[in-house]
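Trainee: What follows is the residue order along each chain.
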Amino acid sequence: MRGNAEAHDLIAPGSLPAVLDLLASAPGEWTPIAGGTELMVAFAAGRLGAQKLVNLWGIPDLRFIQATSSSFVIGACTTFLDLRAHVELAAEFPLIAKSASWIGSIANQSRATLGGNLANGSPAADSSPALLVYDAEIEMVSKRGSRRIPYAEFHTGYKQNGMAPDELLFAIHLSRRFRNHRHYLRKVGTRRAMAISKVALAATALLKNGAVSEIRLAAASLAPYPMRLFKTEAALLGQPINKETMLAAGRTLLAEAQPIDDIRSTADYRRRVAANLLQEFLLELAAEGVSR
Amino acid sequence: MRDSWPTIHFTINGQACAVQAPPLKRLLDVLREDLHLTGTKEGCGEGECGSCSVRMNGELVNSCLVPVLQAEGAVVETVEGLATNGKLHPIQQAFLNCGGAQCGICTPGMLMAAAQLIDRNPHPTMAQIREGLAGNLCRCTGFIRIFESVLAAATQTPEPAPEETPNAR
Numbered sequence: 000m001r002g003n004a005e006a007h008d009l010i011a012p013g014s015l016p017a018v019l020d021l022l023a024s025a026p027g028e029w030t031p032i033a034g035g036t037e038l039m040v041a042f043a044a045g046r047l048g049a050q051k052l053v054n055l056w057g058i059p060d061l062r063f064i065q066a067t068s069s070s071f072v073i074g075a076c077t078t079f080l081d082l083r084a085h086v087e088l089a090a091e092f093p094l095i096a097k098s099a100s101w102i103g104s105i106a107n108q109s110r111a112t113l114g115g116n117l118a119n120g121s122p123a124a125d126s127s128p129a130l131l132v133y134d135a136e137i138e139m140v141s142k143r144g145s146r147r148i149p150y151a152e153f154h155t156g157y158k159q160n161g162m163a164p165d166e167l168l169f170a171i172h173l174s175r176r177f178r179n180h181r182h183y184l185r186k187v188g189t190r191r192a193m194a195i196s197k198v199a200l201a202a203t204a205l206l207k208n209g210a211v212s213e214i215r216l217a218a219a220s221l222a223p224y225p226m227r228l229f230k231t232e233a234a235l236l237g238q239p240i241n242k243e244t245m246l247a248a249g250r251t252l253l254a255e256a257q258p259i260d261d262i263r264s265t266a267d268y269r270r271r272v273a274a275n276l277l278q279e280f281l282l283e284l285a286a287e288g289v290s291r
Numbered sequence: 000m001r002d003s004w005p006t007i008h009f010t011i012n013g014q015a016c017a018v019q020a021p022p023l024k025r026l027l028d029v030l031r032e033d034l035h036l037t038g039t040k041e042g043c044g045e046g047e048c049g050s051c052s053v054r055m056n057g058e059l060v061n062s063c064l065v066p067v068l069q070a071e072g073a074v075v076e077t078v079e080g081l082a083t084n085g086k087l088h089p090i091q092q093a094f095l096n097c098g099g100a101q102c103g104i105c106t107p108g109m110l111m112a113a114a115q116l117i118d119r120n121p122h123p124t125m126a127q128i129r130e131g132l133a134g135n136l137c138r139c140t141g142f143i144r145i146f147e148s149v150l151a152a153a154t155q156t157p158e159p160a161p162e163e164t165p166n167a168r
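Quick mapping for you: the protein sequence lines, in order, are chains A and B. Residues 0 to 291 (numbering that gives the first Met the number 0) make up the first sequence, in order. Residues 0 to 168 (numbering that gives the first Met the number 0) make up the second sequence, in order.
In short, the hints are calculated from the structure, not lab data. Where is the CB? At the ideal position from N, CA and C, for every residue including glycine. Treat the hints with care, since some could be wrong.
What the hints assert, rightly or not - A partial selection of chain B residues facing chain A, derived with a Cβ cut-off under 8 Å:
no., residue
1, E45
2, G46
3, E58
4, L59
5, Q69
6, G131
The following block holds chain A by itself, in its conformation from the complex:
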């Protein structure tokens, strides 16, 4: 069944305060739409439940990348092409630019927004593992004010998040303290472009005296939502990278992952590939430890 445009309303208040007023006046009634790469697909297929939509595209207060000495703040409506084009951000947070380059195609990256990717909350979201291993924080805003939470606490279930009905995702905060970390991100899908992850693994780590002194691991498509792999991290923290550590971390990852069988892959395949990706990362990390 095709979507019928006449069955939906879309309004453009034109400014952030006006959007927040609207959301406060009828909490939960209006669905924000930015680049439309998710909602317009649902609309075309006749499965867009939202009848009333409020436009965020073109609101300058939501599309920015602001650098200070200690952080990057990325507006929720920043597109993935914007992220790829920001040289300073891409140099310091390479996994952000890398994951942005994997999202759909150029015509999707010109429209799809970072905030949209997170608010949609797909378990396979491309930008999520990178943001998780950079300890990103999410800033939400409403007429009542703004608040920040760790991104790792944002998703609460399959396509569920901690935003109140009158809140809007405003910005993503990145603390500039990953310059010396080892960064890793690999996505496994059917092709390089236009593919949704079968599984993706991201990591940031530091080695000190041959042992892991800091480690963050995150995955897409291993759970109902993108998640940090805290248990696997614990199996690595303080350990030297050797065969025993790698085996122990691999076992922990296999237990911690909760993948499912679906149209794109099987739970078994996802588990096995996730463990292989972890091993690949740890071997890189070990090689770096030797070379230093």
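The hints should help you fit chain B onto chain A, whose structure is shown.
Mentor: Quick look at chain B alone, frame taken from chain A:
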């Protein structure tokens, strides 16, 4: 849902236009049904195939995923706007010379994606061409002649004469 639909103003291939339409109506449908610009094709209708690629404010977009309200005030360019004063755009000429089109459904989108790529990066590598066109699917050509067309347009090197082109690759 409303008594009347809003009037949306934008520029299409250099000309101002005003369209009264439901605000969620897809730009693709406005182009084809309201403006009768049927060069832009619908393939998948879900942003996967790139047949409906147009440029909006200088960015390549899938017009099937753009609610027309978001085109308010925008500069929109479609395949009909590529040729100027009856002269084909270099990328169109290259598709002709290199056999870059067969059935033609993907061609307008390919042309728009290729034109965008060359605008941004006048001398793309083959890898950059593949990335620039990764969101445009063709089920006839096997892509090689399309990539060759883009390379030819970009480098302005002489295209192979038809008799030198193998029939099948």
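Trainee: Indicate, hint by hint, whether the structure satisfies it.
Mentor: Comparing the hints with the structure gives:
no. : hint : result
1   : E45  : 4 Å, holds
2   : G46  : 6 Å, holds
3   : E58  : 4 Å, holds
4   : L59  : 5 Å, holds
5   : Q69  : 5 Å, holds
6   : G131 : 6 Å, holds
Consistency note: the structure conflicts with none of the earlier hints.
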